[in-house]
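Add chain B to chain A, keeping to what the hints say.
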Amino acid sequence: GESVGLHLPTLSVQEGDNSIINCAYSNSASDYFIWYKQESGKGPQFIIDIRSNMDKRQGQRVTVLLNKTVKHLSLQIAATQPGDSAVYFCAENYGGSQGNLIFGKGTKLSVKP
Amino acid sequence: ETGVTQTPRHLVMGMTNKKSLKCEQHLGHNAMYWYKQSAKKPLELMFVYNFKEQTENNSVPSRFSPECPNSSHLFLHLHTLQPEDSALYLCASSQDYQTNSNQPQHFGDGTRLSIL
Numbered sequence: 001g002e003s004v005g006l007h008l009p010t011l012s013v014q015e016g017d018n019s020i021i022n023c024a025y026s027n028s029a030s031d032y033f034i035w036y037k038q039e040s041g042k043g044p045q046f047i048i049d050i051r052s053n054m055d056k057r058q059g060q061r062v063t064v065l066l067n068k069t070v071k072h073l074s075l076q077i078a079a080t081q082p083g084d085s086a087v088y089f090c091a092e093n094y095g096g097s098q099g100n101l102i103f104g105k106g107t108k109l110s111v112k113p
Numbered sequence: 001e002t003g004v005t006q007t008p009r010h011l012v013m014g015m016t017n018k019k020s021l022k023c024e025q026h027l028g029h030n031a032m033y034w035y036k037q038s039a040k041k042p043l044e045l046m047f048v049y050n051f052k053e054q055t056e057n058n059s060v061p062s063r064f065s066p067e068c069p070n071s072s073h074l075f076l077h078l079h080t081l082q083p084e085d086s087a088l089y090l091c092a093s094s095q096d097y098q099t100n101s102n103q104p105q106h107f108g109d110g111t112r113l114s115i116l
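Protein sequence lines correspond, in order, to chains A and B. The numbering of the first sequence is this note's numbering, which starts it at 1 and goes up by one. The numbering of the second sequence is this note's numbering, which starts it at 1 and goes up by one.
Simulated from the structure, these hints should not be mistaken for lab results. There's no promise every hint is true.
Reference listing, derived: stretches of chain A covered by chain B, where coverage requires no fewer than 3 residues with Cβ under 8 angstroms from a Cβ of chain B [claimed, not checked]:
{"id": "1", "stretch": "30-40"}
{"id": "2", "stretch": "45-52"}
{"id": "3", "stretch": "100-111"}
The list that follows gives simulated cross-link-like pairs (lysine to any residue, SDA-like), each with its CA atoms no further than 20 angstroms apart [to be verified]:
{"id": "4", "chain 1": "B", "residue 1": "Lys52", "chain 2": "B", "residue 2": "Ser72"}
{"id": "5", "chain 1": "A", "residue 1": "Lys105", "chain 2": "B", "residue 2": "Ala87"}
{"id": "6", "chain 1": "A", "residue 1": "Lys42", "chain 2": "B", "residue 2": "Pro8"}
Just so you know, these numbers come straight off a predicted model, no measurement behind them. Idealized CB from N, CA, C, for every residue including glycine.
So that you can see chain A by itself, here it is in the shape it has in the complex (with noise of 0.2 angstroms):
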């Protein structure tokens, strides 16, 4: 069965620092990785998305890191702001079929001013 999860539930960081989360996948043979920002009242939004033949990509003030060897992703956010606030979802795609995402529960990152 899938287990993407989460090391950590929960995220505390002062405003200007950077934070990362990270995502721990079991399926060697995932192939595409996402990360989605969920505000509260919202619906999941997505941040950046990585290839299983890279290993970072960079966005916006985003990094997504994978460790294939050891089967993690992580997410890091510069200059971590308070808008910045909110859960955090990684998800993982088999490779079968793309609609099979596999989500993990969320990181809920809090910002403090």
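Frame of chain A, contents of chain B only:
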């Protein structure tokens, strides 16, 4: 305009009622999805439609009945639901539903459903 729009945002219904959730996407996508999000649990895939054809039914009880009249619209018809069906129901869309296509899904803001 939001890419994926869901209505209503909130719904309270009794166990004997019949109601429908609506989803509309303005992204030109061909695949649409229904998910259930319960507290402290990961997102659960319910149904997938690709080019209006149902391609996935993730062992969902028959009291949930999806309908996809075209690639832009998706409905979830509800009938004789149970209290444990109270949850946030999310609709998503993606370009299409193909193996190894590796595309992100884009979500609406959901319908918060409460069963009395």
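**Asked** In terms of beta carbon proximity below 8 angstroms, does the stretch 100-111 of chain A have 3 or more residues touching chain B?
**Response** holds (count 7)
**Request:** Please count how many residues of the stretch 30-40 of chain A have a CB within 8 angstroms of a CB from chain B and say whether that reaches 3.
**Result:** holds (count 4)
**Message:** Lys52 (chain B) and Ser72 (chain B) were given as a pair; does the straight-line alpha-carbon distance stay at or below 20 angstroms?
**Reply:** Status holds; Cα separation ~9 angstroms.
**Message:** How does the stretch 45-52 of chain A fare against chain B when you require at least three residues with a CB closer than 8 angstroms, holds or violated?
**Reply:** Three-residue rule met by the stretch 45-52 of chain A, so holds; n is 4.
**Request:** Please work out if Lys42 (chain A) and Pro8 (chain B) have their alpha carbons no farther apart than 20 angstroms.
**Result:** holds (13 angstroms)
**Request:** Sort out whether Ala87 (chain B) lies within 20 angstroms of Lys105 (chain A), counting only the CA atoms.
**Result:** holds (15 angstroms)
This entry satisfies every hint, going by the numbered hints stated previously.
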